[in-house]
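*Asks:* Sequence:
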Amino acid sequence: MKVFLFSLDGAAKDLLYLQPVLFNTWRDMKRMFLEKFFPASRTTTIRKEIYGIRQQYGETLHEYWERFNKLCATCPHHQISEQLLIQYFYEGLSMMDKSMIDAASGGALMDKTPPVARHLISNMASNTVRGPSQSRMVNEIGTTANQRLEN
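The opening residue of the sequence shown carries number 1 in full-length UniProt numbering; numbering runs sequentially from there.
Since the hints were made in silico from the structure, they are not lab data. Since this is a predicted model, take the numbers as computed values, not measurements. Some hints here could point you the wrong way.
Straight-line distance between alpha carbons at most 20 Å, and here's what the computed DMTMM-like set of lysine to aspartate or glutamate pairs gives [unchecked claim]:
| no. | residue 1 | residue 2 |
| --- | --- | --- |
| 1 | Lys48 | Glu66 |
| 2 | Lys48 | Glu82 |
| 3 | Lys70 | Glu91 |
| 4 | Lys70 | Glu82 |
| 5 | Lys48 | Glu91 |
| 6 | Lys30 | Glu66 |
| 7 | Lys112 | Asp102 |
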């Protein structure tokens, strides 16, 4: 626990100067750290973002999954159950991706346990990573094809 304190920087380093009796366990230290550097208003704001997350137009499943996971990681003490996290992610999916995930899950994703659902989404998301050849627009492909035909 004492080594953790030396990894802190800036205002967080003030924890070094507190009386050691203020926290004797990791739980106490975590509570004090979060109270000081993560006010309730910030936690509430991030929670609302998690509740209302939506896949943006043109965003791949992979990009949406990464954005969702990063958002959840910004507030590790959001206290939202894994089941609800999967549900919020699923509700924000585009209709096409929702249909693909349901088909891959053999029915409805929400019938799966959270670990199984998370594993399925991760696998599907890793298959939708946009590579350099996939990011070209339709008119770019058409132009390239026309140039080849002319030569």
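*Asks:* State for each hint whether it applies.
*Replies:* Structure-based check of all given hints:
1. Taking the CA atoms of Lys48 and Glu66, the gap is near 18 Å; set against the 20 Å cutoff, the hint holds.
2. The suggested pairing of Lys48 with Glu82 holds, with an alpha-carbon distance near 16 Å, which does not exceed 20 Å.
3. This hinted pair checks out: Lys70 and Glu91 have alpha carbons roughly 18 Å apart, not beyond 20 Å.
4. Taken as a hint, the Lys70 and Glu82 pair is honoured in the structure, with Cα atoms around 15 Å apart against an allowance of 20 Å.
5. Under the criterion of a C-alpha separation no larger than 20 Å, the hint pairing Lys48 with Glu91 is consistent with the structure, at around 14 Å.
6. At roughly 26 Å between alpha-carbon atoms, Lys30 and Glu66 are farther apart than 20 Å, so this suggested pair is violated.
7. Of the pairs offered as hints, the one joining Lys112 and Asp102 holds, with about 10 Å between alpha carbons and a cut-off of 20 Å not exceeded.
Hint 6 alone, counting from the list given before, is not met by this structure.
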